Amino acid sequence: MDAANKAILERAKKTRSVSRSLVTKQINKLESEISNSADKTIVHEIYMLLISKFEELSTLDKEIESLINIESLEDEIVTREEYRDKFIIWKIRAERYVGSVSNIAIQNSVENQPQNMTLSLNSSVSSVLANQPRLPKLTLESFSGKDISSFPSFWARFISAVHENSSLNDVDKFSYLKSVVTSDAELAIRG
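Residues are numbered in our numbering as their position in the sequence shown, beginning at 1, plus a constant of 38.
In case anyone wonders, no lab produced these hints; they're calculated from the structure.
Keep in mind that this is a model prediction, so the values were computed, not measured.
Some hints here could point you the wrong way.
[To be verified] Listed next, the in silico BS3-like pairs over lysine-lysine satisfying Cα-Cα at most 25 Å (straight line):
1. 78 - 67
2. 211 - 184
3. 91 - 124
4. 63 - 52
5. 44 - 124
6. 44 - 78
7. 52 - 100
8. 78 - 100
9. 78 - 211
10. 44 - 129
Using the sequences and the accompanying hints, generate a full structural model.
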């Protein structure tokens with residue numbers, strides 16, 4: 039390896055070291071907030087920051103893997119996969135936490151209402167939903183499937199904007215999904 043590539047590799051490794059530290063800090067924050075039963079908004083914000091930091095780390099890992107010698111590749115991949123596994127575990131925990139807090143809050147508010155109030159509330163919601171005009175077109179970043187490292191941020195935005203939108207039925211959600219995927223991802227959905 040020539041001196042120029044060595045310098046590039048060392049710089050990328052130093053940057054990745056900082057990036058790994060930031061990912062670890064976000065995971066620790068997420069763990070702390072979830073264990074302290076934090077507000078779901080705070081957990082969701084930390085989760086979105088974690089996704090962003092992990093995307094940066096994934097990009098650096100790819101860059102380093104293309105520069106290192108073949109003897110070091112196995113160690114690089116093992117370490118990369120350890121961070122990836124940790125990220126996936128905390129991604130799932132954050133999504134589950136945000137979802138469970140929402141369900142508990144809704145369930146508690148409905149259980150604490152008198153029966154006749156719950157019935158009138160359900161009737162009101164049904165009439166509002168029946169008279170609701172079609173939703174405006176959502177502008178979401180598309181996903182092609184070619185760069186898999188961009189999937190976590192795409193999926194997080196899709197879940198936030200569409201999937202967790204209780205006013206949309208499953209058919210509308212699938213229509214939105216079909217409208218924002220292109221190329222290989224579109225072919226995968228078509229079957």
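- Which of the listed hints are not met by the structure? 5, 6, 8, 10
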